[in-house]
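Once you have looked at the hints, place chain E on chain L.
As given, the protein sequences belong to chains L and E, one line each in that order. Read in order, the letters of the first sequence correspond to residues 1 to 421 in UniProt numbering. Read in order, the letters of the second sequence correspond to residues 1 to 118 in UniProt numbering.
The reader is advised that the hints may include incorrect statements.
[Said to hold, decoys possible] Below, computed lysine to any residue pairings styled on SDA-like, alpha-carbon distance capped at 20 Å: (1) L/LYS57 x E/THR33; (2) L/LYS57 x E/LYS3; (3) L/LYS179 x E/ASP77; (4) L/LYS369 x E/GLY98; (5) E/LYS3 x E/VAL39; (6) E/LYS87 x L/MET148; (7) E/LYS62 x L/LYS369.
[Stated by the list, open to error] On the chain L side, residues computed to face chain E include the following (Cβ under 7 Å): (8) ILE47; (9) LEU53; (10) THR61; (11) PRO63; (12) GLU64; (13) ALA67; (14) THR70; (15) HIS384; (16) MET388.
To be clear, the hints were calculated from the coordinates, so they are not data collected in a lab. We treat Cβ as the ideally placed atom computed from N, Cα and C, and that holds for glycine.
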Amino acid sequence: MKEYDIVIIGGGPAGLAAAIAARDNGSESILILERDKELGGILNQCIHNGFGLHTFKEELTGPEYAARFTEQVEKYKIEYVLNTMVIEISPEKVVTAMNREEGLFDIQAKAIILAMGCRERSRGALNIPGYRPAGIFSAGTAQRLVNMEGFMPGREVVILGSGDIGLIMARRLTLEGAKVKVVAEIMPYSGGLKRNIVQCLDDYGIPLKLSHTVIEIRGKERLEGITLAAVDDRGKPIAGTEEEYSCDTLLLSVGLIPENELSGAMGVVMNPVTSGPIVNESLETNVEGVFACGNVLHVHDLVDFVSEEAAAAGKNASNYVKNGEQKPNGREIILEGTDGVRYTVPSTINPERMEATQIVRFRVGNVYKNCYIGVYFNDERVLHRKRMVMAPGEMEEIKLEKEKLLLHPDIDRITIRVEEA
Amino acid sequence: MEKRELICISCPMGCPLTVELEGQEIVNITGYTCKRGEVYGRKEVTNPTRIVTSTVKVEGGKSDMVSVKTREDIPKDKISECVKALKGITVKAPVRIGDVILSNVAGTGVDIVATKEV
Numbered sequence: 001m002k003e004y005d006i007v008i009i010g011g012g013p014a015g016l017a018a019a020i021a022a023r024d025n026g027s028e029s030i031l032i033l034e035r036d037k038e039l040g041g042i043l044n045q046c047i048h049n050g051f052g053l054h055t056f057k058e059e060l061t062g063p064e065y066a067a068r069f070t071e072q073v074e075k076y077k078i079e080y081v082l083n084t085m086v087i088e089i090s091p092e093k094v095v096t097a098m099n100r101e102e103g104l105f106d107i108q109a110k111a112i113i114l115a116m117g118c119r120e121r122s123r124g125a126l127n128i129p130g131y132r133p134a135g136i137f138s139a140g141t142a143q144r145l146v147n148m149e150g151f152m153p154g155r156e157v158v159i160l161g162s163g164d165i166g167l168i169m170a171r172r173l174t175l176e177g178a179k180v181k182v183v184a185e186i187m188p189y190s191g192g193l194k195r196n197i198v199q200c201l202d203d204y205g206i207p208l209k210l211s212h213t214v215i216e217i218r219g220k221e222r223l224e225g226i227t228l229a230a231v232d233d234r235g236k237p238i239a240g241t242e243e244e245y246s247c248d249t250l251l252l253s254v255g256l257i258p259e260n261e262l263s264g265a266m267g268v269v270m271n272p273v274t275s276g277p278i279v280n281e282s283l284e285t286n287v288e289g290v291f292a293c294g295n296v297l298h299v300h301d302l303v304d305f306v307s308e309e310a311a312a313a314g315k316n317a318s319n320y321v322k323n324g325e326q327k328p329n330g331r332e333i334i335l336e337g338t339d340g341v342r343y344t345v346p347s348t349i350n351p352e353r354m355e356a357t358q359i360v361r362f363r364v365g366n367v368y369k370n371c372y373i374g375v376y377f378n379d380e381r382v383l384h385r386k387r388m389v390m391a392p393g394e395m396e397e398i399k400l401e402k403e404k405l406l407l408h409p410d411i412d413r414i415t416i417r418v419e420e421a
Numbered sequence: 001m002e003k004r005e006l007i008c009i010s011c012p013m014g015c016p017l018t019v020e021l022e023g024q025e026i027v028n029i030t031g032y033t034c035k036r037g038e039v040y041g042r043k044e045v046t047n048p049t050r051i052v053t054s055t056v057k058v059e060g061g062k063s064d065m066v067s068v069k070t071r072e073d074i075p076k077d078k079i080s081e082c083v084k085a086l087k088g089i090t091v092k093a094p095v096r097i098g099d100v101i102l103s104n105v106a107g108t109g110v111d112i113v114a115t116k117e118v
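Only chain L is shown next, with the shape it has when bound in the complex:
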């Protein structure tokens, strides 16, 4: 059986940044397993610009951002295999994978980095009634068809869901000659970034209907049209608000699901809010030596933050291989979000093991204006930061300092909450 110190599952932005950071930390024996025909993951189909403002201080397109990392991987001669699907990972860190050249094969790893990313929520997850004609795509599938394969999915388009991929595709399809009639969003606010609403919808006069959803799909062989209706505050369609649209294409941009079948099967404990693994401050799961980063851990808005998080996972995995599991004092502080904060990553912190500063990322569950982020060490408030606006579509972060945590040896719980003025 082949043996590697670190095996990385997924060669997208998270896997690439983790591999580079592990090498920078001195690890030589690294293998990236990628199921697609090239490295770079979803960035390859995200041909729009806006990537890298934080990392490189310039606006890159997805493929350009990916190239910055793949070039480094090539330069470092980090091993990777393409067209390879991982089937199973055992708790003993034996990775079972398959591809056309080698068939089914096993690899023994000392540490594993989970970097599989997300897949899109599908129509099945939404329970939209009606026939199942051709012409219904997830937004990402349409993006791949247009940007990589060179096919147009259709001519008259309705988009359900206002996630960023849906907004980006509204513009892309319009520029390629399609008529995007409407974007419908079941929530009273958009899940996408403000700049995408302005630059992808407003620029092209595409209406965004908030608190609306698709209640009917028409057409047997090919989609012929859909019916939209307004929804009440519980998300139920309101009778009498139905509007019919003729269209040959319906794109769904209704959220992402971290792809954690492999993680779950090997015994990694999941957070039901993020559908990603529960991790400590090293981004290590409950299975020793198994780390997680990027969208498989929790869905990010900006790839820059994926790269940053993944680099930390890579470095920590590398340290784990060198030094084994370090549990100074065995002390674990629980981190939790309450009062509007839906989750935090990480979920626990060992103050002795943590770096000088620890980034804690979280999302809020609603749109909050003129509020504060409160951070509590047990019951004592240690941070009270004003935020003009917070929205579920924008990831938030705070930093914890090791020095301060070490000054409070009695803390067993850190709470982050949204507080009214």
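Leaving out everything else, chain E in the frame of chain L:
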């Protein structure tokens, strides 16, 4: 007097801006809550620009399409002309990041460059 309604994109706040124009002249901007809003409103009304991204066909490469972009932003009202100019273009592999695919697109003085290696 002309009134233009905009949403500032400088941050998630998304302030609704109202820009009042007398001909080409901005006489008043309201609705912003920080300086970036005023700057955005001024630029968006006087000289709105965008980076445009698209794809063109490739022959003999590892994929059939290569992604491209305008090297710099171009005036917003040139976007459609820019995309039309790319229709029907086929390039031959190998293509490298930064290779000029079409120079001076739609008379903007800006080149279309490749953003992927194919």
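Hint-by-hint comparison with the structure:
1. Distance hint between L/LYS57 and E/THR33 is unfulfilled; the C-alpha atoms sit about 25 Å from each other, more than 20 Å.
2. Under the criterion of a C-alpha separation no larger than 20 Å, the hint pairing L/LYS57 with E/LYS3 is inconsistent with the structure, at around 35 Å.
3. Between the alpha carbons of L/LYS179 and E/ASP77 the distance comes to roughly 18 Å, so the proposed pair stays at or under 20 Å and holds.
4. Straight-line distance between C-alpha atoms of L/LYS369 and E/GLY98 comes to about 42 Å, which puts the hinted pair past the 20 Å bound.
5. Distance restraint check for E/LYS3 and E/VAL39: the Cα-Cα separation of roughly 17 Å lies within the 20 Å cut-off, and the hinted pair is therefore satisfied.
6. With a CA separation close to 16 Å, the supplied pair E/LYS87 and L/MET148 stays within the 20 Å bound.
7. Taken as a hint, the E/LYS62 and L/LYS369 pair is broken in the structure, with Cα atoms around 49 Å apart against an allowance of 20 Å.
8. Hint status for L/ILE47 relative to chain E: holds, with the closest Cβ pair at about 4 Å, below 7 Å.
9. Here the hint on L/LEU53 is broken, as its CB sits about 13 Å from the closest CB of chain E, past 7 Å.
10. Contact between L/THR61 and chain E, as hinted, is supported at the beta carbon level, the nearest pair being about 4 Å apart and thus within 7 Å.
11. For L/PRO63, the suggested interface contact is upheld, since its CB lies about 4 Å from the closest CB of chain E, less than 7 Å.
12. Residue-level restraint check for L/GLU64 holds (minimum Cβ-Cβ distance to chain E is 5 Å; threshold 7 Å).
13. Look at L/ALA67: its Cβ gets to within about 6 Å of chain E, closer than 7 Å, so that hint holds up.
14. Here the hint on L/THR70 is broken, as its CB sits about 9 Å from the closest CB of chain E, past 7 Å.
15. With 7 Å as the threshold, the beta carbon of L/HIS384 stays out of range of chain E, its nearest partner Cβ sitting at about 20 Å, so the hint is violated.
16. Against a cut-off of 7 Å between C-beta atoms, the interface hint on L/MET388 holds, since the closest Cβ of chain E lies about 5 Å away.
Checked against the numbered hints given earlier, this structure breaks hints 1, 2, 4, 7, 9, 14 and 15; the rest are met.
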